[in-house]
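Q: Going line by line, the protein sequences match chains A and B.
Under my numbering, think of the first position of the first sequence as 800, with each following residue one higher.
Under my numbering, think of the first position of the second sequence as 10, with each following residue one higher.
Treat the hints with caution; some may be incorrect.
Straight-line Cα separation of at most 30 angstroms, BS3-like style, residue types lysine-lysine; simulated pairs [said to hold, decoys possible]: (1) K813(A) x K213(B); (2) K32(B) x K944(A); (3) K32(B) x K135(B); (4) K153(B) x K194(B); (5) K948(A) x K32(B); (6) K45(B) x K944(A); (7) K944(A) x K153(B); (8) K93(B) x K322(B); (9) K948(A) x K80(B); (10) K944(A) x K149(B); (11) K944(A) x K174(B); (12) K948(A) x K22(B); (13) K149(B) x K189(B); (14) K817(A) x K213(B); (15) K80(B) x K93(B); (16) K213(B) x K194(B); (17) K944(A) x K322(B); (18) K153(B) x K948(A); (19) K948(A) x K40(B); (20) K973(A) x K1005(A); (21) K174(B) x K80(B); (22) K194(B) x K267(B); (23) K193(B) x K149(B); (24) K863(A) x K880(A); (25) K80(B) x K194(B); (26) K944(A) x K22(B); (27) K948(A) x K174(B); (28) K41(B) x K948(A); (29) K80(B) x K944(A); (30) K213(B) x K45(B); (31) K41(B) x K80(B); (32) K265(B) x K149(B); (33) K80(B) x K40(B); (34) K322(B) x K948(A); (35) K948(A) x K33(B); (36) K29(B) x K944(A); (37) K41(B) x K944(A); (38) K944(A) x K189(B); (39) K32(B) x K80(B).
The hints are simulated quantities; they were obtained by calculation from the structure and are not laboratory data.
Given the structure is predicted, the values throughout are model-derived calculations rather than measurements.
Here is what each chain is made of, one letter per residue.
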Amino acid sequence: MLLLSGAQAPYMEKLMRKFVIKRILISIVILFFVGLIIYAVMRFLPTSYIETIARQKSMQPNSKSYEEWMAQLSVTYGMDKGIILGYFQWLGNAFRGEFGDSWFWTVPVTEKFHETVWLSFIMGLISMILELAIAVPLGVIAATKQYSKTDYTISVLSFITISFPTFFFASLLKLVFSIKLGWFDLFGLISREHYHLTAWGQFWDKAAHLVLPITGLVVLSIGSLMRYTRTNMLEVLNSDYIRTARSKGLSERNVIYNHAFRNTLIPLVTIVGGSLPGLFAGALITETLFKIPGIGYTSYQAMVAGDIPFSMFYMVFLAILTLAGNLISDILYAVVDPRVRLS
Amino acid sequence: MSNKEEKGYLSAKESRRISKENKKVTSVLEKKYRRKNESEEEYLTFMEDTNNAVEVRDLHTYFFTDMGIVKSVDGVSFDVPIGKTVGIVGESGCGKSVTSLSIMQLLQRPQGQIVSGEIRLNLGDKAYDIARINAAGAQKLRGKYMSMIFQEPMTSLNPVFRIGKQVDEVIALHNSEMTKEDVKKRTIELLELVGIANSEGVYKMFPHELSGGMRQRIMIAIALACSPKLIIADEPTTALDVTIQAQILDILRTLKDKINSSIMLITHDLGVIAEMADYVVVMYSGRIVEQGTAEEIFASPAHPYTIGLMESKPVVGKRVDKLYSIPGKVPNPVNMPNYCYFKDRCEMCVEKCDGDYPEFISLSPTHKVRCYRFYDQKEGK
Chain A
800 MLLLSGAQAP YMEKLMRKFV IKRILISIVI LFFVGLIIYA VMRFLPTSYI
850 ETIARQKSMQ PNSKSYEEWM AQLSVTYGMD KGIILGYFQW LGNAFRGEFG
900 DSWFWTVPVT EKFHETVWLS FIMGLISMIL ELAIAVPLGV IAATKQYSKT
950 DYTISVLSFI TISFPTFFFA SLLKLVFSIK LGWFDLFGLI SREHYHLTAW
1000 GQFWDKAAHL VLPITGLVVL SIGSLMRYTR TNMLEVLNSD YIRTARSKGL
1050 SERNVIYNHA FRNTLIPLVT IVGGSLPGLF AGALITETLF KIPGIGYTSY
1100 QAMVAGDIPF SMFYMVFLAI LTLAGNLISD ILYAVVDPRV RLS
Chain B
10 MSNKEEKGYL SAKESRRISK ENKKVTSVLE KKYRRKNESE EEYLTFMEDT
60 NNAVEVRDLH TYFFTDMGIV KSVDGVSFDV PIGKTVGIVG ESGCGKSVTS
110 LSIMQLLQRP QGQIVSGEIR LNLGDKAYDI ARINAAGAQK LRGKYMSMIF
160 QEPMTSLNPV FRIGKQVDEV IALHNSEMTK EDVKKRTIEL LELVGIANSE
210 GVYKMFPHEL SGGMRQRIMI AIALACSPKL IIADEPTTAL DVTIQAQILD
260 ILRTLKDKIN SSIMLITHDL GVIAEMADYV VVMYSGRIVE QGTAEEIFAS
310 PAHPYTIGLM ESKPVVGKRV DKLYSIPGKV PNPVNMPNYC YFKDRCEMCV
360 EKCDGDYPEF ISLSPTHKVR CYRFYDQKEG K
């Protein structure tokens, strides 16, 4: 596919369409089984929401026994069928766009999703922009000064950030900036006096609460992107056409930021484009640690409570995002690289 | 060192020591190369003979690796007369590419460094010593006064830029007074000059839409764009099939005469040398073992290595079961001994060969060889 020329564009377009359709069909099959596995796991989970409710109800005075409550609630929540049958029932409803009500949140799943996903999206978007703005230049600098002190410093720092577990780094941030310095609140999205503030004040209040979680997300993700940029840049800088560019007498600046960087962009755009759907996925650990009511924290609470409808929706949504990300990065590859481009 | 010879590998300690020493040397050289705001007097020089485009004198280019210092080019001297073609022959790793990269100042820095010697480039009214030049100075020379054609046309063009842009770039860079239209016109003209029929179409194409031969033509167009004094062609036809090879060589030869520049042709293909070169330099393990005019080298090769090279080349009309090959392999370039490097592979050794590395013996005013077999001849004279 790499060697097709511009003259064969219509043929390529057809090939591309065929490729995309094939990938979508495969994705559907994958999704079906991913959903089945998630459903089975959710059903096997030791924390059953129904059992908890049944136990609570049977504790009340003059109530039916636990077994009786279980039988009744299972029918009410539709959990009286086996796993396979239950999954198909969920699937059938999902196809009609009915994801049911969340057991834990007691509102329709899609409503709760709408309520929380945008906060996660904004957080993800800001951290991705910061991540790119920091990691890509650092990677380029490290590559152009390979084996220098600058390179080693950047590399060591990036390895440190890669190696930090999220919960550890988040706790560290909290310790330093909330407890010791007292610059930010320890957790939550709004402060106590939030509702007494002006609209502008409320905005700044929320923004201040997002500083630490976003810092955590950015610092922990720049490492790998920076390494990726560095590796690609090094590969490009060692290629023959860079030597050609130098032999023309171009300035080192032009060689690196025009000739080399344009080529480094190809894999970079692919990987960034592929991670775009992931912006909707939320950051489960970070959000939970900072108690930010985004999609990640919300679904964490639902999962702990054994909320099958919400968890199913969120996990299948994640699976769709992953598959969409892969497809997008493959298509983007064809868009960015002139060797694969459709005219 | 003794440790290394016994075990055949370096201990971590020794390797660290070497890399530390290397760093010391290379950082000094690197600083010198990167120096800024130098006036050109720093590297202004005079040509020995103004009919030469390039004079290389006692050039030493070393690579400071973690295994030790590799003397890739170890005391090489030769001239490239204006309007002539000099062929540099030798097997892989003999230092012919490193010589050319030294002239272009395109060595893989900081490991690769010109340690000593002179490379005098004749600019017409003045001459520069490229071995002493700084980065900014070398950059101004590249593309304008000297250019290079590389051996791998498939990967030598930037895949994300159109052909037009890649040729325009070099013209616009060195001719700032030209307008955009003029530059494009010149590019189209150059493309036609190197034998591309559909020049307007090719102008808008990407490199991957062209064949290897076409790409090499583009490379030649780029190299010739500013009518340089010196064109270095580093195995320009190695990756091409024979018919295209002949065409490419033909283009190179005619265009060289048109703009009266010199070619330094690097190859291991003796057929190409015979067809193109006026002078031949034979290199072995970083040193010149024989040099002379093309007729002298082909009619009366003197050095056993040159003779071996000639014999290992298939001859039309002569039937042999097995082609000759020089026995043994190229010696390890780290820590070379001080005797003739070819001694261990040579079939014509004489007693004296155990001595130091032989000096040049002149067989004629232009023909020189470094071999003990001719010492008697010299003494006899």
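Q: If a hint holds in the structure, say so; if it doesn't, say that too.
A: Cross-check of the supplied hints:
| no. | hint | verdict |
| --- | --- | --- |
| 1 | K813(A) x K213(B) | holds, 24 angstroms |
| 2 | K32(B) x K944(A) | holds, 15 angstroms |
| 3 | K32(B) x K135(B) | violated, 35 angstroms |
| 4 | K153(B) x K194(B) | holds, 18 angstroms |
| 5 | K948(A) x K32(B) | holds, 12 angstroms |
| 6 | K45(B) x K944(A) | holds, 18 angstroms |
| 7 | K944(A) x K153(B) | holds, 27 angstroms |
| 8 | K93(B) x K322(B) | holds, 25 angstroms |
| 9 | K948(A) x K80(B) | holds, 27 angstroms |
| 10 | K944(A) x K149(B) | holds, 22 angstroms |
| 11 | K944(A) x K174(B) | holds, 28 angstroms |
| 12 | K948(A) x K22(B) | holds, 21 angstroms |
| 13 | K149(B) x K189(B) | holds, 21 angstroms |
| 14 | K817(A) x K213(B) | holds, 29 angstroms |
| 15 | K80(B) x K93(B) | holds, 28 angstroms |
| 16 | K213(B) x K194(B) | holds, 13 angstroms |
| 17 | K944(A) x K322(B) | violated, 44 angstroms |
| 18 | K153(B) x K948(A) | violated, 35 angstroms |
| 19 | K948(A) x K40(B) | holds, 15 angstroms |
| 20 | K973(A) x K1005(A) | holds, 17 angstroms |
| 21 | K174(B) x K80(B) | violated, 39 angstroms |
| 22 | K194(B) x K267(B) | holds, 19 angstroms |
| 23 | K193(B) x K149(B) | holds, 22 angstroms |
| 24 | K863(A) x K880(A) | holds, 22 angstroms |
| 25 | K80(B) x K194(B) | violated, 45 angstroms |
| 26 | K944(A) x K22(B) | holds, 26 angstroms |
| 27 | K948(A) x K174(B) | violated, 36 angstroms |
| 28 | K41(B) x K948(A) | holds, 19 angstroms |
| 29 | K80(B) x K944(A) | holds, 25 angstroms |
| 30 | K213(B) x K45(B) | violated, 38 angstroms |
| 31 | K41(B) x K80(B) | holds, 20 angstroms |
| 32 | K265(B) x K149(B) | holds, 21 angstroms |
| 33 | K80(B) x K40(B) | holds, 21 angstroms |
| 34 | K322(B) x K948(A) | violated, 50 angstroms |
| 35 | K948(A) x K33(B) | holds, 15 angstroms |
| 36 | K29(B) x K944(A) | holds, 18 angstroms |
| 37 | K41(B) x K944(A) | holds, 17 angstroms |
| 38 | K944(A) x K189(B) | violated, 34 angstroms |
| 39 | K32(B) x K80(B) | holds, 16 angstroms |
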